[in-house]
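Asks: Residue numbers (this note's numbering), protein chains in the order written: chain R, 2 to 465; chain H, 2 to 465.
Note that these hints are calculated values from the structure, not bench results.
Among the hints, erroneous ones may be present.
Copies of the same chain look alike in the list, so a pair counts if it works inside one copy or between any two.
Subject to a maximum C-alpha distance of 20 Å in a straight line, what follows is the list of computed EDC-like cross-link-like pairs (lysine to aspartate or glutamate) [claimed, not checked]:
hint, residue 1, residue 2
1, 437, 101
2, 437, 344
3, 358, 316
4, 358, 225
5, 358, 251
6, 358, 131
7, 437, 400
8, 437, 397
9, 437, 196
10, 437, 226
11, 358, 196
12, 437, 97
13, 437, 239
14, 437, 382
15, 358, 287
There are 2 protein chains.
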Amino acid sequence: MTVPDPAPAAVAAWGPREVPTTALLTDHYELTMLQAALQAGTADRPCVFELFARRLPPGRRYGVVAGVGRALRALEHFRFDTESLEFLRGASVVDDRTADWLADFRFDGSIWGYPEGEIYFPGSPIVVVESSFAAGVVLETVLLSIYNHDAAIASAASRMTAMAGDRPCIEMGSRRTQELAAVAAARAAYVAGFEATSNLEAGRRYGVPTRGTSAHSFTLLHADERAAFAAQIAALGEDTTLLVDTYDVEAAVRTGVELTGGRLGAVRLDSGDLALMATQVRALLDSLGATGTRIIVTSDLDEFTIAALSGAPVDGYGVGTALVTGSGAPTSGFVYKLVARAESDEPGAPMTPVAKKSADKISVGGRKYAVRRLSRAGVAEAELVGIGAVSRHDSDDRELLVPLVTDGEIVGRESLETARDRHRRARAELPLEALKMSRGEPVVETVYAGAGAVQGNPYAPAGR
Amino acid sequence: MTVPDPAPAAVAAWGPREVPTTALLTDHYELTMLQAALQAGTADRPCVFELFARRLPPGRRYGVVAGVGRALRALEHFRFDTESLEFLRGASVVDDRTADWLADFRFDGSIWGYPEGEIYFPGSPIVVVESSFAAGVVLETVLLSIYNHDAAIASAASRMTAMAGDRPCIEMGSRRTQELAAVAAARAAYVAGFEATSNLEAGRRYGVPTRGTSAHSFTLLHADERAAFAAQIAALGEDTTLLVDTYDVEAAVRTGVELTGGRLGAVRLDSGDLALMATQVRALLDSLGATGTRIIVTSDLDEFTIAALSGAPVDGYGVGTALVTGSGAPTSGFVYKLVARAESDEPGAPMTPVAKKSADKISVGGRKYAVRRLSRAGVAEAELVGIGAVSRHDSDDRELLVPLVTDGEIVGRESLETARDRHRRARAELPLEALKMSRGEPVVETVYAGAGAVQGNPYAPAGR
């Protein structure tokens, strides 16, 4: 085939971006606050914002940081372009002065954060933004959206890949979530150990390996199952995966083995009692000499059913709905709070910790550091969170905040493979009970320390 | 300020689109099926695909169709451009012949569907695609993603606006869902009766009214609450909404009333026992003469808490997490199935209903029609679904399938206001028990009729 030359302008505008600008992925109130602060003369006051979770989703023992790379990409494209500004002016969201400020806006502060794939716990300061009030406040929604979604997916995915052990998990939930959330979900699942995705855009955009062969519609299109299987094998080769539950599983398996002389790559089971069927199909395949044919199961799997299938002769899991909906926790509950501000606009004015006073929505003021405290054997023992500079700690401990943006320059880019490796190592450090699927408490406690810190753990459940 | 002229090419590329092309928002297996069908000579066989839900989310009494306009937009931009094809070839997803076919692909079939805002029930044929196998199969994922997400949000939103009655609901959940899902969620909520959104991109892209004033960070930025409130009032006027629970609610309300001479627009409560606090704040406002100051409540609201606040002096609800996560049902469970195909490739060959045989995943074969059966009083009595042409029905009944795409041409575009009006009218037709918040069965039954139709309702719960 002949591929025409791409129009350079079009490629430049489209190619590397999720959306032309991310600047309107923002709540209205961030711009009204900006406008009021500009008018009051407080917009430039140095501030520290923090993104953190007060608690994990109910029963979860750890969370997984994801979305860091996407957040940096969003920051890079956070520009109020002509069209955005026309909208904001036309809809009277902002006045002229604020629009002028937005037109020139480039984030010039610094951001630290937990790197992608890292584990987190309640109170972990996952992102720390040091900037003017104005520069920090406008990032609130886009940062929260990305982290809340991607971490929810990665946290669920990590439990699934832990239960699957050496058996590969394939992400196939695109159809059960918004079409662009699907792309992000495939990426987050890959960070948390999934081997591949069905989503082609995740392949193109992020390089996640893609997989897929056939649906029931392909079998139903043809006069009979044999014709459909023959067509699939002719097009995709004997190593393909045949979907064998459209009519009668046993007949389908026999047909597939016959058509490939026993060299069929895999069969997929998408309904029924998967453990029972996998056992029967394995026996049948072996009796037919197709001992190398793998069995892939799909159909409403989650971490619990994956665990329950650990004794069945299954070679891989396709996971859809439960993955993209966070397996009961579709959002992570991260919040983004002002935790410190300069006492005045005088240059060099000291920073003051600030926090809302509320019984049910606790925040801890102050610029944090964070360390994963590890035993000599390399097992995680505590999440140490302190105010101020990092205090002395054991050489086995790991500092958790890394520079992501320094004076406006993005410095935290890394490959997805790096994040994926990090997650595997960080999860392996957790105490064994982290991988219990029963409901539990966070597997290590968050401990507050340092000058001016609160005593104990303000996010601990009552009575703990 | 001076707005420079937009570069026309950039506007053409960016402006009206969610993404440059929607063609890769597709599962890998759709293209491998296409490739196998092209090779087998079955790709052009006339087919009917149907998008439907086997059941509503647990306990729900009705569902709301949403995403129609977004699906048509996605279809319009479903083009395999140069970059997409390079990726697909490079990753060996497709061969040369299939890539050539994709390069020329324009959907040339016809699509009928329930219009946006309409109510649906189990088995409602929400989308019916009549096309070649090839043209229909490649749309599977993008259609499911859009409908599954948007209908989940609209279905939750409709229950919330029903419980809120005349009090406005404002969507403010962007931060708790993926950043572009947030834009779609704001749109779906508007269809289902929300008055406004916090999401600025939903304002720009879809014209949904946007709202927002201030967060706790703005108060914490300033030396004291009085300074923060004064700054906000100076910038946004006395009609603004002050967030009064950063420190002490009573003191904050007094300050706000004092600073505006009693003309304060509204106060927002974002924590605590909202019913109790609203009552206390109403009494305080009235005692201070601020009888026109409204009370807006936010903080983890859902349809149940909105219902519980119906007796409290509340003037509006801001809803976040529960809305964008579908209030316990983040996806709608729609599936997309081949329900009929031509018996052969001969021109004019008759269509044969097809369906997978499975105990747990039922499909009903055949091209459907659908009618909402209404009593003389205009109350919905049944969802009548039949195979073949629409059978005679009462003049009060409403046909539910409207043309969306005719021979490749999009004919179903309409304004969001039209969809919003339709939803209000369709919900008003439902029997009163539709708006009970307790768990229940679908409020009207889906009845199958017509030549060759199944008897009874195959999607009814066992034992019904």
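Asks: Honestly, which of those hints from before does the structure not fit?
Replies: 1, 2, 3, 6, 7, 8, 9, 10, 11, 12, 13, 15
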